[in-house]
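Chemist: Starting from the known structure of chain A, fit chain B onto it as the hints suggest.
So the sequence lines, in the order shown, correspond to chains A and B.
For the record, in the first sequence the residue sitting at position 236 is 236 according to the numbering used here, with numbers rising by one throughout.
For the record, in the second sequence the residue sitting at position 142 is 1142 according to the numbering used here, with numbers rising by one throughout.
Please keep in mind that the hints were generated in silico from the structure rather than gathered at the bench.
The C-beta atom is built at its ideal place from N, Cα and C for all residues, glycine as well.
Check before you lean on any hint, since a few could be wrong.
[What the hints assert, rightly or not] Distance condition first, Cα-Cα at most 27 Å in a straight line; then the derived BS3-like pairs of lysine-lysine: (1) A/96 / B/1011; (2) B/1033 / A/183; (3) B/1033 / B/1141.
[Stated by the list, open to error] Which chain B residues face chain A? A few, computed with CB under 7 Å, are given here: (4) 1054; (5) 1057; (6) 1059; (7) 1060; (8) 1061; (9) 1065; (10) 1084; (11) 1087; (12) 1088; (13) 1094; (14) 1100; (15) 1101; (16) 1105; (17) 1116; (18) 1117; (19) 1238.
Each chain, letter by letter, is given below.
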Amino acid sequence: MNKRKIEETFFKGLMHAATIVIVGSLFLILWTVVSKGFHAFNWDMVSKVPEGGFYIGKGGGILNAIIGSVYITVGSALLGLVISIPVVLYLNVYSKKGSRFASATRLAFDVLFGIPSIVYGAFGFTIMVFFGLKTSLLAGIITVTLLIIPILVRAMDEVVRVIPFELSDAAYSLGATRWETAKVLLRQSVPGIITALLLSFGRAIGDAACVLFTAGYTDNIPTSLHQPTATLPLAIFFQLSSPIPEVQERAYAAALILTVIVLIISIAAKYFSKKFSKNKI
Amino acid sequence: MINLAPHISVKNLNVYIGDAHILKNISIDIPDKKVTSFIGPSGCGKTTLLKTFNRLLDRQNDVRIEGQVLVDGEDLYGKDTEVTHIRKKMGLLSQRPFPLPMSIYDNIAYGPRIHGIKNKKKLNELVEHHLRSTALWDEVKDRLHSPATRLSIGQQQRLCLARGLAVEPEIILGDEPTSALDPVSTQRIEELFLQLKDKYTLVLVTHILRQARRVSDYIAFIYMGEIIEFGLTEELLLNPKEQLTKDYIKGFIS
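The following block holds chain A by itself, in its conformation from the complex:
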């Protein structure tokens, strides 16, 4: 065998190995969650809030955490979208090509992107203390929104940025205003916006550090924005740290529920992103 052939075989093998390790560990995670969580799973888990003595192995479920997580995730994704779409449009439509302010803004979002979520949690907590707020759904939503805005902005910016300059030129040359042009660009980027939303959903629903100090934890389902709320990551955390085996098993069941939710969101996002990409140039 000559040198080039050895090289070729080696790198092919390396790529196979790396891919197998990654895909394999993904399946291992799923297997762990399913095998450990499955027999602890029952309909009470998803239909009931914790009953007295839940944390020492008695009856009830984690509906409080499921609902809480959905509230926080949906709330912060919507709030995040409302804030980040204008930012992305500013960067790509309103600022000029090669603008220094735009590149500074992008850099700022890169930095924000890299900040660990516990820092956002601590920041949210500081803000709450400053305004004299208690742990609440609202505080949780705001903090998680701060966490996901950089994700949303960066992911959407990547999509809108690669749209050829000529497409917006085309809209402008028909006499479109900037806002009308922005709408054309948004139309072109719907699949990308859905993907960005999915990324931020995944991050928001799985983050424990952000909600620890801000949303708090409770066995009740919140009925207003000012009440504290439970979340799935914290439900997993509290149950897993219990010495009682039944409670620990329930933690895996909760993890299973979390995983299934994320899976459903991913599949739905794929479906919608396909559906909306038919007109894409």
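Modeler: Leaving out everything else, chain B in the frame of chain A:
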């Protein structure tokens, strides 16, 4: 030299991008309802000159524009000039067709819609009319609501032309509009240009001398940001007055 009524009149135009002096003291009168081509080597500023006409150059950072561009006597760079109004007067064909991310029908209807035409019947008429005038109607009439991207690239370029015509411009700007097209599609676009000059003023940027010769009435040769020579097509190509023009036509500079 040219005694026709000018449609676009450029006076002492200087364009700087950053520190680079891109267009140097350009003055040119572009005649009404004729085809005028800008020729010249890559990077000579011909596209920049075209972009000053519809103010798409404004989108670039660090651009400084001095001088005047008058369209029907109105200064494009005047203080009160509304950009959308100017751009509506000019259709643009870019190097590659860029259909809007919507259906064939909506591509044509987009311009009229943003300018306030809501009546369905009127829009249907406009779409049909402009698809016919770009010889697309028979090819697409059965799939008006399918995505514009499913068309061939030549059809897309004609669609872009039809889309531009639908806002009722006076001027059509073409920035090397056939450079991505095959010979047959190129020929169809050129034929359309020749038909359109009855109603519109056409300004084309091209680097294909034969194309300039086939379609244009006037040619301006631009080199290093300056207009070297401007005149009737035949005169300029067969009897260039300037040495630089002669060299370019013979292929010495490119």
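Chemist: Hint by hint, note whether the structure agrees.
Modeler: For each hint, the structure was consulted:
{"no.": "1", "hint": "A/96 / B/1011", "in the structure": "holds, 26 Å"}
{"no.": "2", "hint": "B/1033 / A/183", "in the structure": "violated, 34 Å"}
{"no.": "3", "hint": "B/1033 / B/1141", "in the structure": "violated, 30 Å"}
{"no.": "4", "hint": "1054", "in the structure": "holds, 6 Å"}
{"no.": "5", "hint": "1057", "in the structure": "violated, 10 Å"}
{"no.": "6", "hint": "1059", "in the structure": "holds, 6 Å"}
{"no.": "7", "hint": "1060", "in the structure": "holds, 5 Å"}
{"no.": "8", "hint": "1061", "in the structure": "holds, 4 Å"}
{"no.": "9", "hint": "1065", "in the structure": "violated, 13 Å"}
{"no.": "10", "hint": "1084", "in the structure": "holds, 5 Å"}
{"no.": "11", "hint": "1087", "in the structure": "holds, 5 Å"}
{"no.": "12", "hint": "1088", "in the structure": "holds, 3 Å"}
{"no.": "13", "hint": "1094", "in the structure": "holds, 5 Å"}
{"no.": "14", "hint": "1100", "in the structure": "holds, 6 Å"}
{"no.": "15", "hint": "1101", "in the structure": "holds, 4 Å"}
{"no.": "16", "hint": "1105", "in the structure": "violated, 12 Å"}
{"no.": "17", "hint": "1116", "in the structure": "violated, 11 Å"}
{"no.": "18", "hint": "1117", "in the structure": "violated, 12 Å"}
{"no.": "19", "hint": "1238", "in the structure": "violated, 34 Å"}
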